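Single-letter residue listing:
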Amino acid sequence: MTENKKALAGTTRLMSREMMGSWWQSLTDADAEGRPVANVFVMGSIAEILRTFDLPMSFPEVAALQTAVRGRSMEYLLAAEDYGYSPDICGYVKVDTGLHISGRNHPQGKLPEPAIVVATNMCNTYIKWAEIWERMYGCPVFVLDLPGWRGSDFHYGLDGATFESDRCYVEGQLGELITVCEQVTGTKFDVDKLRDIMLEVNRMSELYQEILTLNENRPAPFNAVTEGINYMGIANAFRGAPEGNLFMETVLAELKERVADGKGAVAEEKFRLMLVGTACYSNFRDFNGLFEQWGGTFVASEYMSYAGGGIDRGIHYDVSRPLESLAEQILLTAQPSMSGIFHSHDWLAKQFERYSVDGICFHGVKSCRTTSTGLPDTREWLFKNMDIPGLFIQSDLVDSRLWAEAQLKNRVDAFFESLESRRVLAGR
Amino acid sequence: DARIAAFVCSILRSSLELKMAGHLDFMSMFVTHPICDAARHCGGVWTRNFDDVNSQILYYPHNPTSAFAHDYLVGEYRRIASSIEELTGHKITAQALGESIDVFNENRRHLRELYRIKRDTPWLISTVEAYSLTRAAGLMPREEHNLLLRKALPLIESRSAKPQDRIRVVFEGGFCEQPAIDMLAVIQDACYIVDDDLMIGLRWITEDVVAGDDPLDALATAYFESSSYSPVQRDERKPKEKMLLERIRGANAEAAIVGAAKMCEPGLEEQVGYSRALDEEGIPHLVMEFEEKMNVFEQVRMEVETFAESLLFEFA
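As they're listed, the protein sequences go chains A and B. First residue of the first sequence? That's 30 in my numbering, and the numbers climb one at a time after it. First residue of the second sequence? That's 373 in my numbering, and the numbers climb one at a time after it.
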């Protein structure tokens, strides 16, 4: 038993590195062999259908963040700004554009030309981004429109008229997407293959949920920002693939081992935190370090929900009616994970309780107005109405020019001091 | 600033500010549509902060060429209509909708006529006058706006102003947040703005809508089939660069001013596509940013005057 534990420690990290390497190799090979590749996005990748056609999926957001983690994003950002793009738009778009206009040579492999783009409306910038490739390569762009949250007192469920209208619209579009994929690949759609992939996604969703639940433990076995992002990356790139589920099973086993051993993500867990907003990839370790030095660990992250394509919400495909069920489940999982960003206070309050969180870090980035616009308001509302402490800070996803370490440290330190004062006042 | 992040366009902030300052207390309903990533937050922010307003999102389709988009949009119109019925206690009948469509048809006819005058005889009406006349539609019942335009249009045509030696430009980039009126005044000092996308929402539908037996169905058809273009709507039948070039040629313009509101992601992204297309076509253009709250215009004046003068020499 002890030997097994030793064998598992660190396995996840190695596995994730190898899998991302193999994902990059598949893109590089597809480019070299002239095979069609689909450009897709993490929120609503519709991997279920693309995988049915054996279309390798290129995730430009993942490619962009990887340049930042390796300290290479600035060269691409500047190339895109020289091309004409404003400093005030999405950094991912600019890194990707910079890559495309400079030969598509990514630090980890060759970024292929897209043969098809599938963009959901879960981020409107996806659509603008897709139009950039459309102009560059003349590839077909399919916008999969997923209607979402509608405002005051809106309830969304299987029994509602609005849901039924949305489902019909989405199911119809999925049929249209299949036709486009058949044209691009020259392959006929195989519904049984789709069913198999959907079953894999059901399993991945179960595993992902189990992994998240483990962080209810004290200490939390993983950091939802640093490690969680790896889990999310694999969930995106390998959604519907058996090797993705094997990875999640390994993660689960390794984390269970940590829980059994009483090992947490930090040596001594003093504060349990939640991240709302995105990560900061240009200063990835520095960002986490600001919190870790106070014994703070991110036990939960909204990012793992929406950028994980809603897989945390519990996907239950009924493969006896595949397209109908696919439409239905996307609307019940992927779409709310994104729509929730706009009206997130109730969900956040529940997560706060669920993970016994001490404070929330709202991280706003100019690069992403989808996730960042309403953060100050949400923070204000949660504090005034539910006495949930929150810190609002700003930097960026990939642009290191927006990382102001001294200012960030001042604010983070003050936040922890206030959390400590709350503890003293509460007699804890 | 405590509610909305600083890197978001002015329009979201100023509309919220108006409500928080009590200037919109008459409002019972606030309908937005998710045209951009920032605007999608309006519904949430307003719902959290204002119990006295029914904040709704009308989810216009992002896939307008899907065969399923039309029925979906009709459903959305029905949903919003029933929210209004609930709020007002009045049933919205097909007849009432038909009558309303007639009023709006008339309004759009007047606005099309106003824009024809701008295109054909820009010396008869300044940009600021035309813009103010158009924008008034957002501040008064459309029936009153129709009365205003019925009176104003013949008066404009009866003016005796003479053409001046100014370049003819299209202004693009005012599809959502509007430039300050003083900025338009600065531009009009140097150019004739012969067409633009200012307040494009009021002119989105380009032909009369025939209400028929099912007015909501007719409105959905008009939205898809007889409509303008903007950076916040993807319709593969209407590539934005092609549409801008058509606007420029349709207005017999010599150049373009491609503006974008500061922090407006769709506008800023589209600027690059527009600019490259204009370069390819050899159409002179000036790229600039603006904010609705800007109050210093010397830089704009200098840029526009330099641009206009260089073209006057070129065309001379």
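Rather than coming from a laboratory, the hints here were simulated on the basis of the structure. All values derive from a computational prediction rather than experimental measurement. Do not take every clue at face value.
Under the rule of at most 30 Å between Cα atoms (straight-line distance), these lysine-lysine pairs were calculated in the DSS-like manner [as the list claims (entries may be wrong)]:
#1 K634/B / K610/B
#2 K413/A / K379/A
#3 K438/A / K634/B
#4 K299/A / K379/A
#5 K292/A / K139/A
#6 K413/A / K391/B
Some residues of chain A that are not near chain B, with every Cβ distance over 10 Å (derived) [said to hold, decoys possible]:
#7 D60
#8 Y114
#9 V170
#10 V172
#11 D347
#12 S349
Ideal placement from N, C-alpha and C gives every residue a C-beta, glycine not left out.
Results of checking the hints against the structure:
1. Between K634/B and K610/B the CA atoms are separated by roughly 25 Å; this keeps the pair inside 30 Å, and the hint holds.
2. Restraint check for K413/A and K379/A: the C-alpha separation of about 16 Å stays at or below 30 Å, so the hint holds.
3. Taken as a hint, the K438/A and K634/B pair is honoured in the structure, with Cα atoms around 29 Å apart against an allowance of 30 Å.
4. Simply put, K299/A and K379/A have alpha-carbon atoms about 21 Å apart, close enough for the 30 Å limit, and the pair holds.
5. Among the hinted pairs, K292/A with K139/A is inconsistent with the structure: their alpha-carbon atoms are about 39 Å apart, more than 30 Å.
6. With a C-alpha separation of about 19 Å, the suggested pairing of K413/A with K391/B holds against the 30 Å cut-off.
7. Against chain B, the non-interface label of D60/A holds: every CB pair exceeds 10 Å, the least being about 25 Å.
8. Not every CB of chain B lies more than 10 Å from the CB of Y114/A, the least distance being 6 Å, so the non-interface label is violated.
9. In this structure V170/A is not separated from chain B by more than 10 Å, as the shortest Cβ-Cβ distance comes to only about 7 Å.
10. For V172/A, the shortest C-beta to C-beta distance to chain B comes to about 5 Å, within the 10 Å cut-off, and the non-interface label is violated.
11. With 10 Å as the threshold on Cβ separation, the claim that D347/A sits away from chain B holds: the shortest Cβ distance comes to roughly 21 Å.
12. For S349/A, the condition that its CB be more than 10 Å from all CB atoms of chain B holds, with the nearest at approximately 23 Å.
The structure fails hints 5, 8, 9 and 10 (numbered hints given earlier, in ascending order).
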